[in-house]
Amino acid sequence: MIGVAKAFDPGTVLLAKHAQHVVLVHFPIALFLTGVAFDWVARWTNRKALAEAAYYNLLLAAASTLPVVVTGVLAWQFQLEGERLKGILLLHLVMGWASTVLICAVWWVHFRVRRRGTATPGYLRIVECVAVVAVALTGHLGGFLSGVSGG
Amino acid sequence: MRRRVWIVALAAPVVVAALLLGSDSRGLAASAAQAQASSAEVKIDNFSFGPTTLTVAPGTTVTWTNRDDIPHTVVSDDKVFKSKVLDTDEKFSYTFTKPGTYGYFCSIHPKMTGKVVVQ
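Protein sequences, first through last, are from chains A and B.
If you're matching positions, the first sequence starts at 15 in the working numbering and goes up one per residue.
If you're matching positions, the second sequence starts at 1167 in the working numbering and goes up one per residue.
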């Protein structure tokens, strides 16, 4: 009961240090993977409603990368005092940045296509595939670091 | 009489040498035992410190070794000591000079905690 009360205490939630990064990171991962899946099905079935759903998923995924990056960098600065990273931690940081850039790039291409009313460029599928792999790899490394997977 | 002096003259250095040797080996044994007593090890494995609670004498150097595949840190609750990020097989040592209880944790995985009791 005490644990439940503590979980809803604003102080505990706001000052949870790097735990926030671990929680927030699920949003861009889920939104981006769902967005890409909707986009592929939309193109395959030619359903506009699915394309709309894909766009808004990708928009929210791109927006939610910001707090994830901020909390990740804060965790690095506070928990490890900005120590020079190496090994899995460094790989997670690099892959995290790559994933963020790719998620935002995918949304940006969709945004431009919608605004100009042009056809979706062919390279987008490749970029989406690379982004999915990058996101999956970053998530796996994060899970490994936190002890959720592979520990 | 002269023969007795000779015997004493020859035996005396042998006896003194034997006594010195004896006391020296006792001293070596004592210092080896002291060295053994003044160091202790904590293993980090499977997201836990082992032993969780370690009791040592003042002046003991405790060495933490990361046997896990995951990087960990060793940070005392009151910031008395703090390691860098320890990758697999990396070590961190700290000498406890003052008696007391020193709680510590891994800053990457705060649920990993341990305690060193110096008494």
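Check the hints yourself; a few may be wrong.
[Said to hold, decoys possible] Straight-line alpha carbon distances no greater than 16 Å define the calculated EDC-like cross-link-like pairs of lysine to aspartate or glutamate that follow: (1) B/Lys1245 / A/Glu95; (2) A/Lys100 / B/Glu1256; (3) A/Lys100 / B/Asp1253; (4) B/Lys1281 / B/Asp1253; (5) B/Lys1209 / B/Asp1244; (6) B/Lys1248 / A/Glu66; (7) A/Lys100 / B/Asp1211; (8) A/Lys100 / B/Asp1244; (9) B/Lys1250 / A/Glu66; (10) B/Lys1257 / B/Asp1211.
[As the list claims (entries may be wrong)] Partner residues are not named here, just some residues of chain B that face chain A (Cβ under 10 Å, in silico): (11) Val1208; (12) Val1222; (13) Thr1231; (14) Asp1235; (15) Ile1236; (16) Pro1237; (17) Val1241; (18) Ser1242; (19) Asp1243; (20) Val1246; (21) Lys1250; (22) Phe1258; (23) Thr1261; (24) Lys1264.
For the record, the hints were derived by calculation from the structure and aren't laboratory data.
Owing to the predicted nature of the structure, the values given are computational and were not obtained by experimental measurement.
In this text, a Cβ means the ideal position worked out from N, Cα and C, and glycines have one as well.
Outcome of the hint check:
1. Our distance criterion of 16 Å between C-alpha atoms is met by B/Lys1245 and A/Glu95, whose separation comes to about 13 Å.
2. Taking the CA atoms of A/Lys100 and B/Glu1256, the gap is about 13 Å. The hint holds against a cut of 16 Å.
3. Among the hinted pairs, A/Lys100 with B/Asp1253 is consistent with the structure: their alpha-carbon atoms are about 9 Å apart, no more than 16 Å.
4. Among the hinted pairs, B/Lys1281 with B/Asp1253 is inconsistent with the structure: their alpha-carbon atoms are about 21 Å apart, more than 16 Å.
5. Annotation: proposed proximity of B/Lys1209 to B/Asp1244 is violated, straight-line Cα distance about 21 Å (limit 16 Å).
6. Distance hint between B/Lys1248 and A/Glu66 is unfulfilled; the C-alpha atoms sit about 51 Å from each other, more than 16 Å.
7. Note on A/Lys100 and B/Asp1211: the hinted pairing is violated, with a Cα-Cα distance of about 20 Å set against a maximum of 16 Å.
8. Restraint check: the Cα-Cα separation between A/Lys100 and B/Asp1244 comes to about 26 Å, which exceeds 16 Å; the hinted pair is violated.
9. For the hint linking B/Lys1250 to A/Glu66, the alpha-carbon distance of about 48 Å lies beyond 16 Å, and the restraint is violated.
10. Simply put, B/Lys1257 and B/Asp1211 have alpha-carbon atoms about 13 Å apart, close enough for the 16 Å limit, and the pair holds.
11. The beta carbon of B/Val1208 is not positioned within 10 Å of any beta carbon in chain A (closest approach about 19 Å), and the interface hint is therefore violated.
12. At a threshold of 10 Å, the smallest CB-CB gap from B/Val1222 to chain A is about 27 Å, leaving the interface hint violated.
13. Hint on B/Thr1231 is violated. Least Cβ distance to chain A is approximately 16 Å, over the 10 Å limit.
14. Restraint check, B/Asp1235 versus chain A: the minimum CB separation of about 8 Å is within 10 Å; hint holds.
15. Of the supplied interface hints, the one on B/Ile1236 holds, with its beta-carbon coming within about 6 Å of a beta-carbon of chain A, less than 10 Å.
16. Residue-level restraint check for B/Pro1237 holds (minimum Cβ-Cβ distance to chain A is 6 Å; threshold 10 Å).
17. A hinted interface residue such as B/Val1241 counts as satisfied when its beta carbon comes closer than 10 Å to some beta carbon of chain A; here the least separation is about 9 Å, so the hint holds.
18. Given the 10 Å rule on beta carbons, the hint for B/Ser1242 is violated: about 14 Å separates it from the nearest Cβ of chain A.
19. A distance limit of 10 Å between C-beta atoms decides the matter here; for B/Asp1243 the minimum to chain A is near 14 Å, and the interface restraint is violated.
20. For B/Val1246, the suggested interface contact is broken, since its CB lies about 15 Å from the closest CB of chain A, more than 10 Å.
21. At about 6 Å, the closest approach between the beta carbon of B/Lys1250 and any beta carbon in chain A falls short of 10 Å, and the interface hint on this residue holds.
22. At a threshold of 10 Å, the smallest CB-CB gap from B/Phe1258 to chain A is about 13 Å, leaving the interface hint violated.
23. For B/Thr1261, the shortest C-beta to C-beta distance to chain A is roughly 22 Å, which exceeds 10 Å, and the interface hint is violated.
24. Taken as an interface hint, B/Lys1264 does not check out: its beta carbon lies about 24 Å from the nearest beta carbon of chain A, beyond 10 Å.
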